[in-house]
Each structure stands twice: as C-alpha cells, then as structure tokens.
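Chains as they are written, first to last, in my numbering: chain A, 7 to 299; chain B, 8 to 336.
Simulated from the structure, these hints should not be mistaken for lab results.
What you are looking at is a predicted structure, and each value in this text was computed from that prediction instead of being measured.
Think of the CB as a built atom: it goes at the ideal place given N, C-alpha and C, for glycine as much as any other residue.
One should not assume that every hint holds.
Pairwise CB distance ranges (calculated) [as the list claims (entries may be wrong)]:
1. A:282 with B:152: 30 to 40 Å
2. A:261 with B:177: 50 to 60 Å
3. B:195 with A:286: 44 to 54 Å
4. B:320 with A:86: 18 to 28 Å
5. B:195 with A:282: 37 to 47 Å
6. B:152 with A:72: 40 to 50 Å
7. A:149 with B:193: 51 to 61 Å
8. B:320 with A:261: 49 to 59 Å
If you want the ones that stay clear, here's a sample from chain A, every Cβ over 12 Å from chain B, calculated [claimed, not checked]:
9. 126
10. 137
11. 140
12. 146
Each chain, written out:
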Amino acid sequence: MSEFVQLLIAGLMVGSIYGLIGIGFTTIYNVTGIVNFAQGDFAMIGALSAIMLHESGLSLGLAIALAIVLVGVIAAVIERVAVRPIGTHVTRGIVATIGIGVVLQGAAALIWGSDAQPMPGFSGERPFNLGGTTVLPQALWIFGTSAALMLLLYLFFRHTYPGKIMRACAINPFAAQLMGIRLGALRTFSFFLSGAVGAVGGIIIAPIALTQYDSGISLGIKGFVACIIGGFGNPVGAAVGGLLLGILEAMSSGFVSSGFKDAISFALLLVFLAVRPGGLLGDLEKVGRRHGT
Amino acid sequence: MGREDMGRDDMGRAHDLLRYLVLAAVLVAVRMFGGNYLTNLANFVAIQAIPAIGLSLLMGYTGQISLGHAAFYGLGAYASVLLASHAGIDPWLALLVSAALVGFIGWAFGWLVFRLQGHYLAMATLGFGIIVHVCLVEFRDWTGGPDGLTGIAPLQLAGHALKSDKQMFPLLWAVCALMIFFSESLVRSPLGLVMRGVADNSKVVASLGTSPDRLKRMVLMISAVYAALAGGLYARYIGYLSPGPFDVGFSIKLLLMVAIGGFARIWGVLFGVAFVALASEALRPLGDYDTVVFGLLLVVAVVYCREGLLVAAWNAARGVVRFERRRAA
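Construct the entire structure; sequences and hints are all you get.
Below you can see the structure in the form of structure tokens.
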C-alpha cells in the first residue's frame, strides 16, 4: 500500500509538470492555431538558465524570476521572427517549431554542455514523513506552485480583460479582429505567457530531476499527450490529462517496467487518437473544426 | 505544400534525361577519381536519399506529415537481418520480404492514423517512431538491445561479397536511381495528380469519387517500403546495427532534407540529402555547432524558402541580375 502511495505522489508530481507544459501548448494554440513543438524546450531553457543565474551568485528566488522572464522574452522573439511569417499553415508551423526546438537544444548544449545539471531544492533536500510515506519538500513546492499557477491562469482567462480577449481569439480570430483586437500583439503575448509557464514547469521540477540540453523533448511530448487526453485547446483538460498521464507513468514504471514507460504512454496516445481524438473533456467535432481541410 | 508548375511537364523528357545524365556524370567522377572517403559519403547520400524521397512523396506531394519515418527505416534494417539469420532466408530475398512487411505495417498504421490531420497526425507518427525505437532497445532477445546486432554478413553477388565502399557504390546508386525513376513516374501518373489533389483539398478529391484515405494509406505504404529497403541496404553495408541511428533525430533529419529540397521536388530532395551530408562534413571541425546550424536551416527553409534552398538561391540570383540590368539601363 505504501508503495502505491509513493508511486501516486511521484506520478502527481511529474503529472503537474506535464499539465503546466500542456497549458503552455494550449495558450499558444488557442490564439495562433499553431502547435508549438518547442514547448518542452522552454522548460529546459528555464531550468538551465535559473541554475546558471543562481550559481553566478543571485539568490534562488531572483534567479528563478529572471529565468522565467528571460524564457518569456525568448518565446516572444521566436514568435516574431519564425512563427508569424507562417500564418496559420499547420504543417509549416509544426516543421518550423521543430526546427526552433532543435536550435534551442543545440544552443543549450553549447552554453551548458551536455552534462545533466542539478538544482538545489527550494527548501532543503531532507525528506519528511507523511502518514507512513516519505515525501520530499520539493513535492509540496511542485503541488503548490502548479495549483496556484493554474488557478491564476484560470482567473486570468475567465475574469480579466486580456484573458477574455485571448478567449475571444480562440473562438473566432476573424471576428475578434473586426472588434478591434490586435491579433499580432496578442500572438506575441501568448508566446510570452506560454514560455513563462513552461519555464515555471521546468524550474520547479529541476530539483528532483536533473536537467540537460535534451530534457525538453520528452517533457514537450508528454505535455502534448496531456493535451490530447484532456481535449486539445482546453486548459483544464490539459491539467487533468497531465495528472492522469503522470500517475499512469509512475504506476507502469513501478509495476511493469521502467524501460517501457515511454512506450506505454505513447500507446495510450495512439489509443486516444484512434478512439477519442477529442479527448476526455473535448468533443469529437472540435478535432476537425479549426484545421479541417 | 510547394506546387510544381504543371506546365513544365511539356518541356519534356529531354530536361529529365539531362538530370539523369548529370547525376551519372557526377557518380562516374566520384567512382573514378574519388577516394574511399568520398565514395563512403556518396554511399550514405544514396542510402538516405531513398527514405527522404519516400517522405517527400508523402509530405510534399500528398501533404501528410510524418515524424516517424526513422521507424520504418529501422524496422526494415532489423527485419531484413533477422529474417536472414533466424528464418534462413537468402539476404537478397530478405531485403525484399522485409520491405514488403514494413510496407504492410505502414499500410496498417495508415489505416489507424489517417482519420487524423495536422498536429494530431504529427504526434501520432512521432509516437509511433518513439514506440518502435523503445521496442528496438527493449526486445533484447531479438534486437540485442542497446548493444545491437553485430557481424551482419555482406551481400553476395555472383560469388563476390560486396564489402568495401567501392563495391557497394554501384548497387546503392542503382537502387537510388531506380527509386527516383519510380517516384517521378508515380508523380506524373494520374495517381500523382490525385496525390496533389489530396494535399490541396481532400474534400474535392472525395467529391470526385476517390477515397483520400485510401490514397494516403497507399502513399504511406510506398513511403515505408522505400525507407525499409534503404534500412536493409544500410544494415548490409555497415555490417552492424544498433537502435541509435533509428531514433526521432533521424526522422527530423529526413524532414530537414525534404524541407531543403522544397518538399514536392524529387531531385530537390536528392540535392537536400547531398547538401546535409556535405554540410555535416564541413561543420565537423566546429564540434557541437552543427545542431544549431541544422535547426536554423530547417526554420529558414520552411519559413522563408518554401520552394527549397536551391530555388530560393536561384530566384535571389535572378533578382540580383535583373536589378543590375535595370540599374545599367
């Protein structure tokens, strides 16, 4: 039983990160119609630059804040230079953002080398006992930060003016433009927001998982799978999908085989795509609605 | 994606013949004057051009993305070796049988995924690529796991083992040229027209009484056969297999080659493969910079040079000439 709880906690931890990455995908997709395949690399760059800034003598909090802003700015620049010229062409968007991901990974390998880098826990490394299972203090940071961030984003999208504008663009970009919404600026902002959220995800998991130049690939793919499970374009779905995926992964590596962990989550992806491409919370018609031929 | 000018077909076969002649001249020059190094490089261009052209048929002409093409390449490589070693089939026959087998896998996979489009399709194919790669690593009893399979016997032709770079060279390029010829014929055929139709607007194709999904499955099958055949040749040429070269990174490299070539241009893709091979060699002294350069190339090719690097360079040169002429006038 205790092993089960242990795995459940591990799964929830990783799952929150997948959820955050998934929300990053959703933010960009809803405004631009582009699926950003470099999403996971935002998390990687965020973690590595926070580690570098912290090592250069800044306090941990300041280093993290700077890293988050830095990744947001990088994402905004990417939107202007490489994504906006594409418009809404889906396949070109995919290939171009894959290229951006390759550039980010290559740059990270040049700047930080190919060694995995550790990050100190936000409040110590000593695990404590919680009802018979040992828990790392970082686990609480991960749960707390992701829950708070998700709540903030929810409030932002539901109850603030810029958030409502972004939702309006998701529903009908053309009509939104007719209402005087500047789509270009909003696209850049969505990349900024998505980069910042991705960076938070990468940074809060860095103390329990070493980060290296290619850590972003699997994070990005898992975040995408989380989106599919929850229904693409639905931020709440992405969060739920992330948690489910995290738990499934932890259980399968605990009870089946850790080598097959990735294969199992992709088999799940294929099953979802084949049986219910609209995800758990989405409806089937949405799949072809926006990008139908 | 990039649409070739249909009217150019009239300019006729003389133009194509010229391309084959130029290719033949380059190959003869490499074979006669090039050392082992150049021959080896040319061999790899041939091996990688085959799956790249297959991917161009699927992505460029039919407009369906695949991020898992390395999987077909890897399945072809492993299947051809395992069929020969475990089932005792002649290596040549195993090459063909494994290509047919992988073609069937491609067809069946297409049956599963071609209800999807855009990024759903991209992720499904990516997932397929990763699952196959994990299986190559984990099914140790069959594939040897991360250590791979060693001691793969070279192909025999009329009692001679095709071992060295120079011995494999004619075979690899013969297969590659055959694939180029077959692809060109396919693209020119009425079926090729339907493929372009599916890329542009599959609803129109469906309304004209052709099933777009069936066509997509068929093109994926052909594309998988290309990749598997190249994989089998690769295994026999290198004599050693490990899962490393068949990961997602190779799928993305194929994407880069096709993008540089301008997606729907068979000869352009051949240029793309050669360009990437030469660029890798040129960047080798710079160490890790090659990843960044290739990533940038991919972005630039897709965002700014939609017809491929060669056409973009040609247009730029023509623009400069025109500008100079106008200034002189």
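Hints, one by one, checked against the model:
1. In this structure the supplied range 30 to 40 Å holds for residue 282 (chain A) paired with residue 152 (chain B), their Cβ-Cβ distance being about 34 Å.
2. As the Cβ distance of residue 261 (chain A) to residue 177 (chain B) is approximately 54 Å, the hint placing it in 50 to 60 Å holds.
3. Checked against the hint of 44 to 54 Å, the C-beta distance between residue 195 (chain B) and residue 286 (chain A) comes to roughly 46 Å, which is consistent with it.
4. Checking the proposed 18 to 28 Å range against residue 320 (chain B) and residue 86 (chain A) shows it holds: the Cβ atoms sit about 25 Å from each other.
5. Between residue 195 (chain B) and residue 282 (chain A) the CB atoms are about 41 Å apart, so this pair conforms to the stated range of 37 to 47 Å.
6. Range check, residue 152 (chain B) to residue 72 (chain A): about 43 Å between beta-carbon atoms, so the 40 to 50 Å window is met.
7. Hint check: residue 149 (chain A) to residue 193 (chain B), Cβ distance near 55 Å, so the stated range 51 to 61 Å holds.
8. For the pair residue 320 (chain B) and residue 261 (chain A), the beta carbons lie near 56 Å from each other, so the given range of 49 to 59 Å is met.
9. Non-interface status of residue 126 (chain A) relative to chain B is upheld: no Cβ of that chain comes within 12 Å, the nearest being about 27 Å off.
10. Here residue 137 (chain A) stays apart from chain B, with its beta-carbon at least about 35 Å from theirs, past the 12 Å limit.
11. Against chain B, the non-interface label of residue 140 (chain A) holds: every CB pair exceeds 12 Å, the least being about 30 Å.
12. In this structure residue 146 (chain A) is separated from chain B by more than 12 Å, as the shortest Cβ-Cβ distance comes to about 32 Å.
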